Each structure stands twice: as C-alpha cells, then as structure tokens.
Amino acid sequence: MLILKALSLGALHGYGVGQRIAQISDDTLKIEEGSLYPGLYRLERRGWVESEWDVSDNNQRARFYKLTRAGRKQLIIEEQNWERLAGATMKALRAS
Amino acid sequence: MGAPGWRDHEGATRKLRGLEKMSWIKATVQFLHAWRHPDEIAREVEAELRFHIEMRTRANIEVGMRPDQAQLAARQSFGDFDRIKTKCCEINRSLPVDSTVLKMAIYITIAVLAGGAALWAVNMSHAENRSARYSQS
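Each protein sequence line maps, in turn, to chains A and B.
Mind the numbering: the first sequence is residues 165 to 260 in the numbering used here, read in order.
Mind the numbering: the second sequence is residues 408 to 544 in the numbering used here, read in order.
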C-alpha cells in the first residue's frame, strides 16, 4: 500500500519510491531498501504498476514506475481496508 | 528536499501517461519475454539495483561520508544484492496471475496441448509409414 501511495503522487524510480515513503511518513516508515524491488515487481505483475526505462535527473538510465488505473483503484480499496482495520483496533483498545 | 533524483521525472511522467492500458496483457507479454530472454531480464534487474546503490552512495557522500564509506553503507542498507536480484528475476518469470486455481488451469492446459501435439506427431509418423507400406505393396 505504501508503494502504491508513493506512486500515486507521480512516476518514480525505485530509489525515489523509498525516498518518498520516508518523506511522506516523516521518516517514520523506512522500508528495507532492497526489499522494495521484489515488491515493485510483484505490483507490476498484478498490473497495478507499470514501468519504463528512461533517463533520471542525473542523466543515468533508470526504470521509472507509474501507477496504472487498476493500481489507483487498488490503492483506494487498500486505504479503506486499512482505515477499517485501524478503526476497529482503536475501538478494541479503548474498550474498558 | 532529500537525496537527488527522487522527484518526478517530467519526461518519464509524460511518456508513462500514455501507458494507461491494461496491464494483464502487458504482464503476459513480459512473462513470455522473461522466459525467452532470461539473460536480458537479469541484466536489466542488475542495472536497476546498481542504480539504486549508486543513488544511495551519492546521497551518503552528500551528507559527508567518504566515498568508500558511502558505498559500503549503501550496500549494507540495500541488503543481500544477489538474493534480491534472484527474487526479482523469479517474479519476472512467474505467471502473471495470483490465483492458484487459475495457475493450475494454465499448467493443465499447457500439458494437454503438449500431449495433444505429441500424439498428433506420433499419429502423423504412423500414417506416413502406413501409406509408404501401401504404396510399396
């Protein structure tokens, strides 16, 4: 969900995805850098993310990822599921 | 605003905007491509992972590390390069479906088609032998 969220803000290469997740979570959530890639590949397999080789800001060849329409829908579903789960957990914790 | 190169790449974004097509067709094409050109896929995965380590190394240098320290730290924070590379290649070669039932159906279909093709080939060679025997007699 975090990868989808990061890509919902625009196309990024893998390194950029990690940076953006750290940025939007105020450095609270840090994914182990290498493990990001199997995650990205799985999302691409599922059709939620597309990739294309291009040139990065520093003129190096890099693979850029972008959310697909299906990925955008999936992100909405996952956000709703997460809110439900977080809400239910909070309710359970507050129960006396 | 963090390390270099994480911001949107406008050129890439523009190009990618045209790629809003569905994806399982693309995933299937990629799956077939990965099986036909495993070396090319492995090279691409490696290039992508090396790019990441290079970006991390640069960021480490920017915060004051010596280049050798920066590279070592980048490799350490990345994790096991070979294991991750192998994993990515495996995912590329995996069927572009999640459902186990669907995967089974695909494997059975492939097996049935392969069996049918083998039977057809055997029958054809028998038929040719028979017709050769008739024409001799």
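Don't read these hints as lab results, they were simulated from the structure.
Nothing here was measured: the structure is a model prediction, and the numbers come from that model.
Backbone N, C-alpha and C define an ideal beta-carbon position, used for all residues, glycine too.
Fair warning: there could be bad hints in the mix.
[Unchecked claim] Cβ-Cβ distance ranges computed for the label pairs, FRET-style:
(1) Leu502/B <-> Ile240/A: 24 to 34 Å
(2) Asn245/A <-> Leu502/B: 34 to 44 Å
(3) Ala518/B <-> Glu243/A: 38 to 48 Å
(4) Leu439/B <-> Arg248/A: 55 to 65 Å
(5) Ala252/A <-> Thr493/B: 36 to 46 Å
(6) Met472/B <-> Lys255/A: 21 to 31 Å
Status of the hints after comparison with the structure:
no., hint, result
1, Leu502/B <-> Ile240/A: 24 to 34 Å, "holds (26 Å)"
2, Asn245/A <-> Leu502/B: 34 to 44 Å, "violated (25 Å)"
3, Ala518/B <-> Glu243/A: 38 to 48 Å, "holds (41 Å)"
4, Leu439/B <-> Arg248/A: 55 to 65 Å, "violated (38 Å)"
5, Ala252/A <-> Thr493/B: 36 to 46 Å, "holds (38 Å)"
6, Met472/B <-> Lys255/A: 21 to 31 Å, "violated (46 Å)"
The structure is inconsistent with the numbered hints 2, 4 and 6, although it conforms to all the rest.
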